[in-house]
Structure formats: structure tokens, C-alpha cells
Amino acid sequence: MADRRVTHTRKNRDGDITAIGNPGQFWSPRAKADAIRDIELRINTYHVQWPEKRTEIRVVNGATGKYLRTDRDNTTRNNLDDLPDL
1357 MADRRVTHTR KNRDGDITAI GNPGQFWSPR AKADAIRDIE LRINTYHVQW PEKRTEIRVV
1417 NGATGKYLRT DRDNTTRNNL DDLPDL
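With the sequence shown counted from 1, adding 1356 to any position gets you this note's numbering.
Don't read these hints as lab results, they were simulated from the structure.
Since we're looking at a predicted model, the values are computed, not measured.
Just so you know, not all the hints are guaranteed correct.
Below are the DSS-like pairs computed for lysine-lysine, each with C-alpha atoms no more than 27 angstroms apart in a straight line [to be verified]:
hint	residue 1	residue 2
1	K1409	K1422
2	K1422	K1367
3	K1367	K1409
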């Protein structure tokens, strides 16, 4: 199992995350569906290293299906939205 640091995301025109990545890494970009499968099957883990702490990326079952999420703070926002675009 690899622990992969995520520094960027790719979003569609609605702002939904479609891929995660870390430019220059062999695995990047990783499509959302593939990252979800990696996490659920415990093939790889993904995390974001914020200035104040590290947060794990997890899979959430939302109203429209599964998505990737990390919680950096006490807001209800998905903090993956704060990462720069791939």
C-alpha cells in the first residue's frame, strides 16, 4: 500500500472533483473513480498536507453518489476544493 500526497485536484464545470493528483508523480492524475476504489479496497491511501496538519482523503456516500472529501477545519466545506487545479 502506498500513501500518496495530493496537492492538486481537477474539477468539472460544476466544480465537482473529477481527479486528484500531485504533478510529477507517476500516479498523477488519478481519476476520482480509481481513487475511490483504491481507498475502499485499501490499495492506496491519499492525504493532503496542510500547513497546520495532515488530513486523510476519505470516501463519502453523498446524495448523488460517492465522492472524495477531506476535512481540514470545522466547516462543512470539502477542503479538497481549496487545492489548485491540475
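Taking the hints in turn, this is what the structure says about them:
1. K1409 x K1422: holds (25 angstroms)
2. K1422 x K1367: With Cα atoms ~15 angstroms apart, K1422 and K1367 stay inside 27 angstroms; holds.
3. K1367 x K1409: holds (24 angstroms)
Of the numbered hints given earlier, the model fails none.
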